[in-house]
Amino acid sequence: MDTPLLPDPPTEDFWASSDPLGEVLHMLRMGGTFYALSELTAPWGMEMPPLPNTLMFHVVTEGRCWLEMDAAPARMLQPGTLALVPHGRGHRLVSEAGGPADDLFAIPRVELSDRYELIRHGGGGAPTTLVCGAVHFDDPAARQLMDLLPPMVCVDGWSSAQVEWLHGTLRFMATEAKELRPGGETVITRLADVLVIQALRTWMATDDSTDAGWIRALRDPRIGRAIALVHRDPAEPWSVESLAAAVGMSRSGFAARFRELAGETPMQYVTRWRMMAAVDWLREPSSSIVDVAERVGYRSEAAFSRAFKRAMGIAPGAVRRGAALPPA
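Going by the working numbering, the sequence shown opens with residue 906, and the numbers climb by one from there.
Hints listed in this document are in silico derivations from the structure and should not be mistaken for laboratory results. Mixed in with the good hints there might be a few duds.
To be verified - Label pairs and their calculated CB-CB ranges:
1. Gly1088 / Asp975: 34 to 42 angstroms
2. Asp975 / Arg1095: 26 to 34 angstroms
3. Gly1168 / Ala1140: 20 to 28 angstroms
4. Ala1140 / Gly1030: 40 to 48 angstroms
Note that the structure is a prediction, hence the values are computed from the model and not measured. From the three backbone atoms N, C-alpha and C, an ideal C-beta is built for every residue, glycine too.
With the sequences and hints as input, model every part of the structure.
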């Protein structure tokens, strides 16, 4: 009896494309601006300044405090709560709601490394300990996900196992900061990656507002896979027909479903994604405009420059020289 032929095992590309939302989370590689361990005693307050294009996070490990900002209702943070401020908005951390707050950069601190600080502040009353960080994202998919988040994300519905993991991670971060071993800053940054990703996973699993727009499109088995294919290979000469074929749909059905979920046509998304990726590559000193044009699927610098200026409102050469993009 002949042995039946078994199908080839799924490739790495298949698994990446079959979980497009997971792939976007995988792209959440952060660059640290600073991290701080704060040992605070009531009454105390810290005014966090706006930091554009930055996500700030706060975790209470002892005591409690209030997170206040103009764009969202105040939230009390207690041990196990992980709070994200995704858009770099200014906000306040205070021991009592509505209390005064000192400017963060006016408060004395001890520099444990170039990017990790110890802050001791307050009036000598009830203690609160915080781990805080300010990080930025380089990948365009990560930034697009950040743009969709509300002004404040607070996650405190951890399971008992998750709480144990959260506190273990924070203890590990604190140890790395204090001992200053080789590679410690890299370890701290990667642990911050994991903290933020875990918070986003929990938020997306429990918040109804995530079932709309781009996130909803990523969750769709076929539309999400098409988006992942575009992300992974922006230079491919994508068309509505080729994307529909890649995910096993008819052209018309794919186009209608894509627009329904993503809020734009497939080719509008392809072009916008290419230009978002191009912005990052233009800012790399080693990449020329010709190189970037090829990486996003344009055969000539002139065609790329016209498309880029039409989409982004600025010439690629200006971005390369450090100019900021016009407001969307």
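Now for the hints, and whether the structure bears them out:
Distance hint check: the CB atoms of Gly1088 and Asp975 are about 39 angstroms apart, consistent with the given range 34 to 42 angstroms. Between Asp975 and Arg1095, the C-beta spacing of about 33 angstroms keeps the proposed range 26 to 34 angstroms intact. For Gly1168 and Ala1140, the hinted distance range of 20 to 28 angstroms is satisfied, since their beta carbons lie about 25 angstroms from each other. In this structure, Ala1140 and Gly1030 break the distance hint of 40 to 48 angstroms, their C-beta atoms being roughly 60 angstroms apart.
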